[in-house]
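*Asks:* Final position of the sequence shown in the numbering used here is 212; the numbers increase by one with none missing.
Bear in mind the hints are in silico, worked out from the structure with no lab data behind them. Check the hints yourself; a few may be wrong.
Unchecked claim - Computed beta-carbon distance windows for the label pairs:
1) E184 - F109: 17 to 25 angstroms
2) G182 - F109: 17 to 25 angstroms
3) V204 - G152: 30 to 38 angstroms
4) D77 - A206: 32 to 40 angstroms
5) Q84 - G119: 14 to 22 angstroms
6) S55 - A165: 36 to 44 angstroms
7) D151 - C93: 18 to 26 angstroms
8) C93 - P7: 17 to 25 angstroms
9) S55 - E158: 38 to 46 angstroms
10) P121 - S55: 24 to 32 angstroms
11) V204 - T149: 17 to 25 angstroms
12) D21 - S131: 32 to 40 angstroms
13) R47 - P121: 16 to 24 angstroms
Claimed, not checked - Dumping the calculated SDA-like pairs for lysine to any residue here, alpha-carbon to alpha-carbon at most 20 angstroms:
14) K61 - V94
15) K125 - D151
16) K125 - L88
17) K125 - E44
Since the model is a prediction, treat every value here as computed from it, not as a measurement. Glycine is no exception: its CB is placed at the ideal position from the N, C-alpha and C atoms.
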Amino acid sequence: MSVARSPVRVVCISDTHTLHDQLSIPEGDVLVHAGDLTRRGSREDVRAFDAWLGSLPHPHKVVIAGNHDFCFERVPDARSWITQATYLQDEGCVVAGLRVWGSPWQPRFFDWAFNLDRGAPLREKWDRIPSDTEVLLTHGPPNGVLDRTWDGSRVGCEELRAAVARVRPRLHVFGHIHEAYGREEQDGTVFVNACSCDLEYEPVQAPIVVDL
């Protein structure tokens, strides 16, 4: 006779841009941050963010980089500056019994970090996502899901949307497009744009909590 597993509470944030300590963070089992934790990727910003993570009670914390977090792309040992969470960059881990995969890439946007051209370069990254992934953590959104900018344009990644259709994770958390903050569900996947900062870079968008 199988025993039902208690839900795992995942607290989702993203795009805090050094303003993390202005947020009210709900309790949960897993805290995930979908990138842009810094302004431009300084060591000082990362150290301050890591110290803040250490003050939070969540048993598990998972972090990826975003397009503002240049240090993780340019400094070989920058990931070692994160000591209070699991940092993922095109790799996975298991936390609270959930298989998580994290990746920082997004379609090219000016000359920011972790930019790739649409099409094959991004497809190569998304092809690495294991088919048994339950929680997918990317910085940018998939095309057509919580990716609409202030002027109405859809800017999410088409190749990522195809990868999500292949993998069918239970939860896909991302950020990047501040004004598209929110949550929706499609085809069994809960999508969360967890941007904490709004379009004016004010940290007024609350963490989104998902029970899996």
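*Asks:* That 17 to 25 angstroms hint for V204 and T149 (C-beta), does it hold up?
*Replies:* Hint holds: Cβ distance 18 angstroms, inside 17 to 25 angstroms.
*Asks:* Taking 38 to 46 angstroms as the stated bounds, is the beta-carbon spacing between S55 and E158 within them?
*Replies:* holds (39 angstroms)
*Asks:* Do the Cβ positions of D77 and A206 conform to the proposed distance bound of 32 to 40 angstroms?
*Replies:* 34 angstroms Cβ-Cβ, so the 32 to 40 angstroms window holds.
*Asks:* Is 17 to 25 angstroms right for how far apart the beta carbons of E184 and F109 are?
*Replies:* holds (23 angstroms)
*Asks:* Could you say whether the range 32 to 40 angstroms given as a hint is met by the Cβ separation of D21 and S131?
*Replies:* holds (38 angstroms)
*Asks:* Kindly confirm whether 17 to 25 angstroms is satisfied by the beta carbon distance between G182 and F109.
*Replies:* holds (21 angstroms)
*Asks:* Check the following: the C-beta atoms of C93 and P7 are separated by a distance inside 17 to 25 angstroms.
*Replies:* Holds, at about 20 angstroms.
*Asks:* If I claimed the Cβ atoms of R47 and P121 lie 16 to 24 angstroms apart, would that claim hold in this structure?
*Replies:* violated (32 angstroms)
*Asks:* Lying within 14 to 22 angstroms: is that true of the beta-carbon distance Q84 to G119?
*Replies:* Distance hint for Q84, G119 is violated at roughly 37 angstroms.
*Asks:* Are K125 and E44 close enough, with their CA atoms no more than 20 angstroms apart?
*Replies:* Status violated; Cα separation ~29 angstroms.
*Asks:* May I ask you to test the hint 18 to 26 angstroms on the CB atoms belonging to D151 and C93?
*Replies:* violated (37 angstroms)
*Asks:* Has the given pair, K61 with V94, been kept, meaning a C-alpha gap of at most 20 angstroms?
*Replies:* Given pair K61, V94 holds - Cα atoms ~11 angstroms apart, limit 20 angstroms.
Going through the hint list in order, the structure does not satisfy hints 3, 5, 7, 10, 13, 15, 17.
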